[in-house]
Amino acid sequence: MVENRPFLNFLAHLVLILGVVVVALPVWIALVASTRASNDFLQGVVPMWFGTHGPENYARMLGQGISTSGMPPVGWMMVNSLIMALGISFGKIAISITSAFAIVYFRFPFRMVAFWIIFATLMLPVEVRIVPTFKVVADLGMLNSYPGLIIPLIASATATFLFRQVFLTMPDELTEAARIDGAGPMKFFRDILLPLSRTNIAALFVIMFIYGWNQYLWPLLITTGSDMYTVVAGIKRMTTVADTDPQWNYIMATAVMAMLPPLLVVIFMQRLFVKGLVETEK
Amino acid sequence: MKRALFHNKFLPWLLLAPQLIVTAIFFLWPAAQAIRQSFLREDAFGLRSQFVGLANYRALWGSSEYLNSFKVTLIFTVSVTVLTMVFALLMAVAVDRLVRSEKVYTTLLIWPYAVAPAVAGVLWWFIFNPSIGILPYVLSQIGISFNWIYDKTDAMIFVVIASAWSRISYSFLFFVAGLQSIPGSLREAAAIDGAGPVKRFFTITLPLLSPTTFFLLVVNLVYAMFETFAVIDATTLGGPAQSTNILVYKVYQDGFVGQNLGSSAAQSVVLMVIVIALTVIQFRFIEKRVAY
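As they're listed, the protein sequences go chains B and E. In terms of the working numbering, the first sequence is residues 1032 to 1313. In terms of the working numbering, the second sequence is residues 31 to 322.
One or more of the hints may lead you astray.
What the hints assert, rightly or not - Beta-carbon label-pair distances, calculated as ranges: (1) SER170/E - LYS1166/B: 44 to 54 Å; (2) ILE311/E - SER1069/B: 30 to 40 Å; (3) ARG1210/B - VAL129/E: 24 to 34 Å; (4) ILE187/E - LEU1291/B: 43 to 53 Å; (5) SER93/E - ALA1055/B: 24 to 34 Å; (6) ALA1055/B - SER170/E: 37 to 47 Å; (7) MET1217/B - LEU97/E: 34 to 44 Å; (8) ALA1055/B - SER240/E: 26 to 36 Å; (9) ASN1175/B - ALA62/E: 19 to 29 Å; (10) ALA271/E - PRO1178/B: 51 to 61 Å; (11) MET1217/B - GLN272/E: 41 to 51 Å.
Claimed, not checked - Mimicking BS3-like on lysine-lysine, the simulated pairs with C-alpha atoms at most 27 Å apart in a straight line are: (12) LYS1267/B - LYS229/E; (13) LYS1218/B - LYS101/E; (14) LYS39/E - LYS1306/B; (15) LYS182/E - LYS1218/B; (16) LYS1306/B - LYS32/E; (17) LYS32/E - LYS101/E; (18) LYS1306/B - LYS1166/B.
Keep in mind the hints are simulated off the structure, nothing from the lab. Glycine is no exception: its CB is placed at the ideal position from the N, C-alpha and C atoms.
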């Protein structure tokens, strides 16, 4: 702040409070709706204050779901989402940290070719090659399975570049000292590089968990059986059914549960989250 | 460049193998298939296919639906990007003024990042619900009717707001970081020379923020073009009357719902060219920023 201008400070607070309200409005309305009874949404306007049906709505969605729509309980879909999100985060980190290690610490023929192949993933988002990718996964018999949900999404140029940057800043003296002490490449990787990259791994994990949990198109396509539905993709199937019989209280309870895990991660690991977000874009 | 290296012929390939295999099977092979498919036409049963050269591309250029999708994408992408960035910049500038309460506001503004675009779509659907939603109700009180199920413009406004909302926090964080890297002495010097807050913002802050702004511009354009698929699919399904059918959504519709593989593949290739162009722009710019 350059000079003290009370009016400008007041204006800043005003703008921010309005901004926070706008940003929070959809979630507030969802929270309120999730505590109401179904018949509160038949006419009039959406209620803005809490009702008394919260516990029963959440308990019903977690345990049973809307049976008429053929949806599994939300609890089960959240387990699927969790497996997918953790699989994607661990998988991405594992395969990108080893490839970054290979690219930075070794010289071998076609090294740049390997680098460009990894770079290409950045230019081919799943949305632009949906049909042929679906066909590959179908041919491999991976439809409707956890590997099918996870493996096609774990190749990541951003994560590889992040670790490449981290490794490039590691002092060469460390490597030399390790070699003089007789450590081979894998020992150096395990005992020196991994511990030194701990915070970067944690930051990346936070970002990748959110990315994995929030996947939509891919699970929607390849989960054909309801036992494999993830919660973010499942919620859309609920609204399609709800067109005829809008059970907004249940849909909003599901929405709240679908956003809760990544939300908690962002709030409680804010520092790592910001670090991860800024670093992956370098 | 590393001076200290390890020497081993097989180990690096072993370390790279998982990443390269996954990339080859799930990225490169499907992309190659899309390119191949875009030159072929399959018969109605998918049994035989025949090389047709550029016919699929020419058909796209002649299709009013596809050209409309281009126009829709352009309006949608630009609106989402501008709305997100203006809102985020406003918040970031306000936060930058307040030293003591900065942390609280930041926490309160960054959490929408955690909400999946599909869920954001459903939340805004509820708010914009034509029969019971709060916003159509408020608007009807002042004499404006809002119904995105029938009205094309309303549908566009609806998906733009839902998509921009889930992207605000990202731009906000980068703008805050950008603002904090501007040396305070520059603004102080301008203040001593008699420049007011508004003048300082336009002559000092905004120009010095331009690397961040440009970076966010590219990243947000990519987001609005590709990652908003979920918002569209969870809400308007590209309707009413194609008014929100953006390019990524059309690829999916023609390929999966319509089973028109040749056309869908040609559309995929067009989209790949667009992503590649945007990625190249983004990376060339980042190289420049490092060289500063």
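Status of the hints after comparison with the structure:
1. Distance hint check for SER170/E and LYS1166/B: the Cβ-Cβ separation is about 48 Å, which falls inside the suggested range of 44 to 54 Å.
2. For the hinted restraint 30 to 40 Å between ILE311/E and SER1069/B, the CB-CB distance of approximately 50 Å leaves it violated.
3. Between ARG1210/B and VAL129/E the beta carbon distance is about 49 Å. The supplied range of 24 to 34 Å is therefore violated.
4. For the hinted restraint 43 to 53 Å between ILE187/E and LEU1291/B, the CB-CB distance of approximately 29 Å leaves it violated.
5. In this structure the hint that SER93/E and ALA1055/B lie 24 to 34 Å apart at CB is violated, the actual value being about 42 Å.
6. In this structure the hint that ALA1055/B and SER170/E lie 37 to 47 Å apart at CB is violated, the actual value being about 24 Å.
7. Taking 34 to 44 Å as the suggested C-beta distance range, the pair MET1217/B and LEU97/E does not conform, at roughly 56 Å.
8. For the hinted restraint 26 to 36 Å between ALA1055/B and SER240/E, the CB-CB distance of approximately 31 Å keeps it satisfied.
9. Hint check: ASN1175/B to ALA62/E, Cβ distance near 25 Å, so the stated range 19 to 29 Å holds.
10. A beta carbon spacing of about 40 Å between ALA271/E and PRO1178/B contradicts the range 51 to 61 Å that was offered as a hint.
11. At roughly 56 Å, the beta-carbon separation of MET1217/B and GLN272/E lies outside the given 41 to 51 Å, and the hint is violated.
12. With a C-alpha separation of about 48 Å, the suggested pair LYS1267/B and LYS229/E falls outside the 27 Å cut-off, and the hint is violated.
13. With a C-alpha separation of about 56 Å, the suggested pair LYS1218/B and LYS101/E falls outside the 27 Å cut-off, and the hint is violated.
14. Taking the CA atoms of LYS39/E and LYS1306/B, the gap is near 35 Å; set against the 27 Å cutoff, the hint is violated.
15. Note on LYS182/E and LYS1218/B: the hinted pairing is violated, with a Cα-Cα distance of about 62 Å set against a maximum of 27 Å.
16. Between the alpha carbons of LYS1306/B and LYS32/E the distance comes to roughly 25 Å, so the proposed pair stays at or under 27 Å and holds.
17. With a C-alpha separation of about 49 Å, the suggested pairing of LYS32/E with LYS101/E is violated against the 27 Å cut-off.
18. The suggested pairing of LYS1306/B with LYS1166/B is violated, with an alpha-carbon distance near 37 Å, which exceeds 27 Å.
Hint check: violations occur at hints 2, 3, 4, 5, 6, 7, 10, 11, 12, 13, 14, 15, 17, 18; the rest are consistent with the structure.
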